[in-house]
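A.B. asks: Below are the chains, spelled out letter by letter.
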Amino acid sequence: MTRFFSFLPQSCLASAGAVLLALGGGWTTQTASGQEAAVSLDAAREQGRVKSRFLKDEPEVAKGAGVIPKANVAVFQKAVGPMLKKSCIACHGPEKAKGRLRLDQLNPDLLHGPDAERWREVFNALSKSEMPPEDEPDYALAAADRGTMVDWLSAELNAASVVRRSSQEHSSFRRLTNYEYNYALQDILGLPFPLADKLPPETTSPDGFNNSSDLLQMSAMQFDTYRELGLKALKRATVSGERPQAVTYIISMQEEMAKAVAKEADKKARDAEKAAKAAKAAAEKVAKAATGKVAKVPAKDAKTDEPKKNTQRSKNMPQLVQRKTGERMDFAEGEEQPRAEAAVGQTPAPSPVVLELPRGRELKLDLDRFLPDEGTMRVRIRAGRSSMKPDEYASLRLIFSAHTSNNANFSQVVSARDMPVTAPADKPEFIEFDIPLGDIQRNPFRQLTTTFPRRNEFLHLQNVSNAGGGEDALHVVIDHIEISAPFYEQWPPQTHTAIFFASKNKGDEQTYGREVLNRFLKRVWRRPVKAAEVDQFMSLYAKYRPGFATFEEAMVEVLATALSTPEFLYLTQRVADAKTKSPKQISALELASRLSVFLWSSIPDDELLKVAQQGKLREPEVLNAQVKRMLADPRARRFSQNFVEQWLGLDRMSSVTHVTDSTLKAAMVEEPRAFFEEVLGQNRSIMDFIHSDYAVVNERLANLYRIPKVFGPQFRKVPVTPQTNRGGLLTSAVIMTMNSDGKDSHPLKRGVWMMKRILDDPPPPPPPNVPQVDLTNPEILKMTVKERIADHRNNAACNSCHSKIDPWGIAFENYDALGAFRTQIKDKPVDATSELFNHQTLAGIDGLKRYLFADRQDQFAQAMVHKLMTYALGRPLSFADSADLDRMTAQLRREGDGLGDLIRIIVSSDLFNSP
Amino acid sequence: MNPKSHPLNRRTFLRGSGVALALPWLETFAASSRAKDATPKRFLSVYHPDGVGLPLKSDPAGRDWSWFPRGGEKDFELTKVLDVLEPLRSDITIYSGLSHPAARNVHGHSNADQYLTGAPVGGSGPYQNTISLDQVYAEHAGDFTRHSSLVMSTNGGVGGPRGAQTQSFNREGRPIPAMNKPKQIFDLLFVTSGKDAAARLARSKSALDLLIANTRSLGRQLSKHDQQTLSQYLDAVRDTELKLEKAQKWLTTPVPVVDTRNLHLDAEPKEARLYFQTMYELIYLAFLSDSTRVATFQLGRENGEGPHDLLSMAVGLGSAHGLTHAVKNPGGWKNLGTYNRYQAEEFGRFAQKLKDTPEPNGSGSMLDNTLAMHGSASSSFHLSRNYPIISAGGRNLGFTNGRYLKFGKGNEDNQAGAGIVSDAGWTGKMEVEELPLAKLFVTILQRLGVESDAFGGETGTLTRV
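Read top to bottom, the protein sequences are chains A and B. So that you can map any letter, position 713 of the first sequence is 718 in my numbering, and since no number is skipped, the others follow by simple counting. So that you can map any letter, position 462 of the second sequence is 497 in my numbering, and since no number is skipped, the others follow by simple counting.
The hints are simulated quantities; they were obtained by calculation from the structure and are not laboratory data. The reader is advised that the hints may include incorrect statements.
Each computed DSSO-like pair below joins lysine-lysine, with the alpha-carbon atoms no more than 27 Å apart [claimed, not checked]:
| no. | chain 1 | residue 1 | chain 2 | residue 2 |
| --- | --- | --- | --- | --- |
| 1 | A | Lys237 | B | Lys281 |
| 2 | A | Lys548 | B | Lys240 |
| 3 | B | Lys464 | A | Lys203 |
| 4 | B | Lys281 | A | Lys535 |
| 5 | A | Lys535 | A | Lys91 |
| 6 | A | Lys203 | B | Lys240 |
Chain B stretches covered by chain A per the calculated footprint, using a threshold of three residues with CB under 8 Å from any CB of chain A [as the list claims (entries may be wrong)]:
| no. | segment |
| --- | --- |
| 7 | 155-163 |
| 8 | 261-268 |
Glycine included, each C-beta is placed from N, C-alpha and C at the ideal position.
The shape of chain A in the complex, shown without the other chains (with noise of 0.2 Å):
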């Protein structure tokens, strides 16, 4: 038997001494055993990995599950409970209590009696040499002793952890979250656009997850709106009757310079008359006044004669520009019509002008009031740079807007991204959007006959860039521009034909309904249909078909209805009857919803269900294949979202209101899903996530943490030098940001967050009625952060809790409340030391890491284990599931540590396939 408690043999330190001198490394610290040793990242990296308990030969994970344990109280009443009665009775006993624990009260039987979550918090507190204290020398533990105890704990808890799974007390069995029905619904019917999202919102669980299957609730409102959403997205897909005439925009810039150039003629003709009114009635004042007194003409009105000259033009305004000539017009505001018999889809000569916007400018177009209700709005740009400098970049974003009466005004970015602009001007290329007309926010008063309130609407194209100025500035080139709407690819759409299939039978609805019904039950249902249950929706179908004109506005009522069935809405596990107890395994079609719903956060396509029919999906090799596939579809970005989002709770992010530029905090937002995609599809250590030697990062962000060099807004993987102060998850901004008070770092909120999403050890909930800190009084508010929290902490009240969360945060104060890297705090050098229970001192955020890679690999990679299988089965884990995460864990260590690898051992793992 091993003790991973225990310190790093003495050859071993002065190796990694060596080995770190020879490198150069620049820290020194101190470590658990009190040694002083220069230790780099990288190095200390390495030797934790060494500790870890997974590795050993042996490791304490419960072998042989199957096999019922028994309880082993002999050796707690022979060693453990005397030792017990030594160092621990005085604090946790009958006289004190502390952390309302009273050793003497557990039940020493973990595996059948009550107290096994109780003699876990022991364990941990044990090996990690949090307990008992240091500064209480007469109650010290001897090694050897601090190791019987251990290992009698570890083995006993794993016992019981397999006794207790069979009786298990949380099931996945859930309905589909809000973001889950909605990709499904999505990936069901084709349609691109998210329905918008009426249903309430979830709650999160005490784990930060949405998917939990005990709060998941239904509600009647809650099934209300999934009829409601249903219908809706049917009718979306299918279509009745001719194809809708398109209302088409098509601006051609040439015209447009000739429009630009009648308003201006017809401006200097109007001015030309006013002034020549005014100059008239001077001509009058002038002779009126007898007295000789000469009336001043106005200088300005003298000015009008001289034509304005181009290059007076403001040339940071969207301008048109003759290509021959060079002759260059304001883009002249109005009303744009659209055109009868409009071809949309050509590809028309290049334009002999076109119209040139700036960086950041918009063009904005005023499209009146014509464009319909619903439908996709097509918008079709010809495009190019001005420039071609690699640095530097040019993309399109749309933006729709009204202005309804003064004051009363929106705009909204409608665009789902900003669309690079690749194409030299010479040979400009199209960029296309797609934009859901019936979703977006449109002018309410578009349809009144009365010209107020205003009617128009506008369509803005916003040059989005990095352009640097000067004569040769990257502009965007826009030679052609097409919108049109409701825009069908094809009539009827592949939507409306992919539920509405071609068929023999067509004419016969009796036989053509089943054939229609069949295929949707089985997609929405994940699995094959009986007749029997075709049948009833036949008889549904036979009910509703007399209230509507053609099959195909009944038949869509029906699979509405479908839409809103419990197998549809709910992640089901059968058994064979309901007096039985759950069987070992859920079924093979059972996992590949598990599987596309922990992967895609829908239901499985085609192929995966056609493997889980086949019965092969079991096959190692064939579930490998099937999740390398999984993982390389673009659907598999909804995971990194989704579990991204929610294991570290950025949800906060949206009532932050401090971080006011809109790119940097959606910068912010997307790194950490950045750098997770990055770990995961190069099968990197998760131990990157506490430290890389790169970052993932886009040009804004690289411009918050001064790394240079790095342009554009796309997230790629870059190298970081010590330096920078960054690599890993735990300085990224979105961090900082969120566990900030909107002023300043908050080392208590970054100390819980910490705790909870890293450490997966959350500290409990404080207390009610805790003093706050007095920020009236001038005393406190003369002191640091770090001063006031010491402050609060020799509060003998809140001593005991902060004592463990505050030095975790203290280590962040190096950044400030939007995660940039300081030295100094008004004046005064930061001081990012702390120190933590155990008496480990943490140096700023290179100690924190040095000490999570040196002492704590094993609960990291634990509680990343721990994170994902939460979300895989969308349940709480319990205490009886223990052994089989540790198993996955040793795993996970002994394998290397790989992202791809984790996720391949827990859809592989009995967890994962068990009901």
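With the hints as your guide, set chain B onto chain A.
C.D. replies: Here is chain B on its own, set in the frame of chain A:
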């Protein structure tokens, strides 16, 4: 599984299920508490845009034409603007020093959107609102009546973002279209609805039957534990069935027959008094017949033009919005005051009518069981502070009237003028502290019987009310 057999009250249920109070309507409980709500509790909010006239103390018009009364809580003296309410003195309360914190820096032209919601809708860019006070109450009381609420405005529809033409917003923060044609409102309330509704209802019932059968067959294939989870779904379907039954019941229940003598269903805003009185009469009839217990009514839209202006022009004044900007013209304060006086007069006429009608199914008058609010979300010059608010009635709900309640700090000397003492003060930095209006909303909700201690992000009630 029978929802009626749950021996729970709403509060223990919420605690037990571990969900926050944000849960939507729980029909199960609403249905079972129907019996004890024999006497209706009603709520009305009337909104007028553009604020009121608040001449400075030093202005010659200050004494007569400032909207807020002179004097203290009980011995207040109504100015010429509100003196038409003197006969109702013991039935009204006037509030000052209240506003929505989220809107204080937003231009008053956008204020109709957030008067009943308190949401931070901002001044430009993307737009998101939250549920309005009346709809929170409608979720509670809507089950007792044919219509959960009656939403009206002179301009109708929803208006535009930051230019609302409705006071009511649903749980998702989406505007509920207001009705503005007396005929249309009358038909909705007192004329039987068409065949289409019956067909839709029949379809829904067949669908629910199928879903229940389908759920049962799935249930047989689940473990005991999972069956418990699925029973929630079954409950939801059953609750929906009950709702359909209610709809069915209303479909077959004859619509109430009302006295139409005072109705001029073709009245238009240009005949302002007639139109006003007809709209108020419709609310009165809807309340009297217990067709609904919740109503909102918005007079015009912020920033003028349209029917709103017709209302003021009809009484011989200029455009309503113009009046608020022309106060420094000769007689300006008086003109604006006269217009506000006329709004108060019509509101008073309505309140008086409720007072004169004994409660059909309870004690006291209809006014005693109704809380009717009248207000705007700006004071002078569209400053989004010191909202001018009157409430009438509600004696049986726990409101003590006949009072002028002043709130806030730093405005003690000049409560009526939002603490402002000079012309520059209207555009300067505001030092006065006001209380969140949402606290009054919480008080109102609680007195209407809604268990709630927060609204629009504000927790707690308004003391002294």
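A.B. asks: Does each hint hold? Answer for all of them.
C.D. replies: Hints and how they fare:
no. : hint                : result
1   : A:Lys237 / B:Lys281 : holds (24 Å)
2   : A:Lys548 / B:Lys240 : holds (11 Å)
3   : B:Lys464 / A:Lys203 : violated (40 Å)
4   : B:Lys281 / A:Lys535 : violated (35 Å)
5   : A:Lys535 / A:Lys91  : violated (68 Å)
6   : A:Lys203 / B:Lys240 : holds (23 Å)
7   : 155-163             : holds (count 5)
8   : 261-268             : holds (count 6)
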